[in-house]
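Asks: Residue strings, one per chain:
Number of protein chains: 2
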Amino acid sequence: MQHYFLSQTIKVGDQIQLPDDVSHHLSRVLRAEIGDQIEVVSSEQRVFQAEVSQLVGQKVTVTVIKQLPVNVELPIKATIVSGLSKGNKPELIVQKATELGVSQVIFLPMKWSVVKWDQKSAKKIKRLNEVALSAAEQSHRNVVPTVSYLKSLEALVAMDFNTKLVAYEESAKAGEKAELVKQVEATAADHSVVAVFGPEGGVAPEEIQLLNQNGFINVGLGPRIMRTETAPLYFLTAVSVLTELQGS
Amino acid sequence: MQHYFLSQTIKVGDQIQLPDDVSHHLSRVLRAEIGDQIEVVSSEQRVFQAEVSQLVGQKVTVTVIKQLPVNVELPIKATIVSGLSKGNKPELIVQKATELGVSQVIFLPMKWSVVKWDQKSAKKIKRLNEVALSAAEQSHRNVVPTVSYLKSLEALVAMDFNTKLVAYEESAKAGEKAELVKQVEATAADHSVVAVFGPEGGVAPEEIQLLNQNGFINVGLGPRIMRTETAPLYFLTAVSVLTELQGS
Numbered sequence: 033m034q035h036y037f038l039s040q041t042i043k044v045g046d047q048i049q050l051p052d053d054v055s056h057h058l059s060r061v062l063r064a065e066i067g068d069q070i071e072v073v074s075s076e077q078r079v080f081q082a083e084v085s086q087l088v089g090q091k092v093t094v095t096v097i098k099q100l101p102v103n104v105e106l107p108i109k110a111t112i113v114s115g116l117s118k119g120n121k122p123e124l125i126v127q128k129a130t131e132l133g134v135s136q137v138i139f140l141p142m143k144w145s146v147v148k149w150d151q152k153s154a155k156k157i158k159r160l161n162e163v164a165l166s167a168a169e170q171s172h173r174n175v176v177p178t179v180s181y182l183k184s185l186e187a188l189v190a191m192d193f194n195t196k197l198v199a200y201e202e203s204a205k206a207g208e209k210a211e212l213v214k215q216v217e218a219t220a221a222d223h224s225v226v227a228v229f230g231p232e233g234g235v236a237p238e239e240i241q242l243l244n245q246n247g248f249i250n251v252g253l254g255p256r257i258m259r260t261e262t263a264p265l266y267f268l269t270a271v272s273v274l275t276e277l278q279g280s
Numbered sequence: 033m034q035h036y037f038l039s040q041t042i043k044v045g046d047q048i049q050l051p052d053d054v055s056h057h058l059s060r061v062l063r064a065e066i067g068d069q070i071e072v073v074s075s076e077q078r079v080f081q082a083e084v085s086q087l088v089g090q091k092v093t094v095t096v097i098k099q100l101p102v103n104v105e106l107p108i109k110a111t112i113v114s115g116l117s118k119g120n121k122p123e124l125i126v127q128k129a130t131e132l133g134v135s136q137v138i139f140l141p142m143k144w145s146v147v148k149w150d151q152k153s154a155k156k157i158k159r160l161n162e163v164a165l166s167a168a169e170q171s172h173r174n175v176v177p178t179v180s181y182l183k184s185l186e187a188l189v190a191m192d193f194n195t196k197l198v199a200y201e202e203s204a205k206a207g208e209k210a211e212l213v214k215q216v217e218a219t220a221a222d223h224s225v226v227a228v229f230g231p232e233g234g235v236a237p238e239e240i241q242l243l244n245q246n247g248f249i250n251v252g253l254g255p256r257i258m259r260t261e262t263a264p265l266y267f268l269t270a271v272s273v274l275t276e277l278q279g280s
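Order-wise, the sequence lines are chains C and P.
In terms of this note's numbering, the first sequence opens at residue 33 and continues consecutively.
In terms of this note's numbering, the second sequence opens at residue 33 and continues consecutively.
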């Protein structure tokens, strides 16, 4: 069933004229007909089943049938921070991280980033938020993750999170393999966890130092070297496995 | 350090003239010089440090310095089976699965696959094995995963694995969240686990029936709907978290 985010409150029985972009997608791309069912998510992140009740040109009106008892959000709020990386990697990170339950994705320049965004950042972030919306619709999220740009690691360490981690290849090489599980399991429900991932070149020693001084803990993500776009997906999956699946 | 797979046994002190493709990459792409260090992996999956000792035209000879005590393979052998999917998804699956430690990737047509490979399969599989080799070099694996094509699910169920799983969206929707952890933890070291993933349309009921009749267990991978190329990466990460990281 199609799944759309509406920026309004919703209650059963409401007749809602869908926003133009959603209407267009339903009526023109999917050729919806009267009686077709969709899911709509309210601004309070509640999911409702609705039925197409009126089609006038490209304008689609739905009637809200019932609330669905659906919550697919991770029990802890996960933020990933990614050093600027090349090509379509930021898009891949945002798309896959959204499927894996991320709350927030932050991109920032790091010492060993070979690309700069500078003036391009507003345009890139706009596009990446569209990728997040589309992926959140596809994976039937209750929330659309936010994607943003920070100018520096200094701006990041001023932000507030309950659990703060940095994926550090040198820790993994040195055999560190306990901290990720320990830190995620120690994070209470509804609390936040942030994890920093370097660009292609990795995280520089002075960046590790700044992060450590501000309470970020080095974690290893297993023994293999992962690309810059794969490591955040490993982290988010680990959060899911440790908080959403049941142990034996 | 560059990491290359050689199809021969290696011992410390050996002088090895590298194969043409590796020589070319080192001498022309990376402009290697005498004394540069690389890693070479023997046909027995042992990793050695070697030093460039001779450069004649594009021919590179290395001297093997020492064996490195490196094993980055998953403790259990993981095979993923993927219903044929569109576009560059098979490449993405192979590349990321290799980074995440997969042993074997099998592609096969499934009922709801919208693409067919048929005559193209040999060419596709050749290309995908190149992707696996390149990703195995980048992620410093001890083994290059194999990529192959099977004609049908019937051919798959005739194969032998210790633990057999199928990722089934309907199980996840019904709240199944215990089997993945249980089955992976019950798989002994060096034993094999296989997991089947449907194409974009999912796994058809009659395919689930065939798999279940042949000992495949339905597992949920958390509450969110994942794309066909994301689910195998979730599975492999879960295997890593459950077998390579230490619990608190």
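The set of hints was computed from the structure by calculation and includes no laboratory data.
Please note that the accuracy of each hint is not assured.
Identical copies look the same in the list; a pair holds intra-copy or inter-copy alike.
Listed next, the in silico DSBU-like pairs over lysine-lysine satisfying Cα-Cα at most 30 Å (straight line) [unchecked claim]:
id, residue 1, residue 2
1, Lys-152, Lys-43
2, Lys-209, Lys-98
3, Lys-205, Lys-43
4, Lys-205, Lys-98
5, Lys-148, Lys-118
6, Lys-155, Lys-98
Asks: So, for every hint listed, does it hold in this structure?
Replies: Tested hints:
1. Proximity of Lys-152 to Lys-43 under the C-alpha cut-off of 30 Å is found in neither arrangement, the shortest distances being 40 Å within a copy and 52 Å between copies.
2. In this assembly of identical chains, the alpha carbons of Lys-209 and Lys-98 lie at most 30 Å apart only when taken from different copies (26 Å versus 46 Å within one copy).
3. In the homo-oligomer, the alpha carbons of Lys-205 and Lys-43 lie at most 30 Å apart only across protomers (24 Å), although the nearest pairing inside one protomer, at 53 Å, exceeds that limit.
4. In this assembly of identical chains, the alpha carbons of Lys-205 and Lys-98 lie at most 30 Å apart only when taken from different copies (18 Å versus 52 Å within one copy).
5. Taking the closest pair of Cα atoms, Lys-148 and Lys-118 come within 30 Å of each other only inside a single copy of the chain (9 Å); across copies the shortest separation is 32 Å, beyond that limit.
6. In this homomeric assembly, Lys-155 and Lys-98 never come within 30 Å of each other (Cα to Cα): the closest approach is 38 Å inside a single copy and 50 Å across copies.
Hints 1, 6, counting from the list given before, are not met by this structure.
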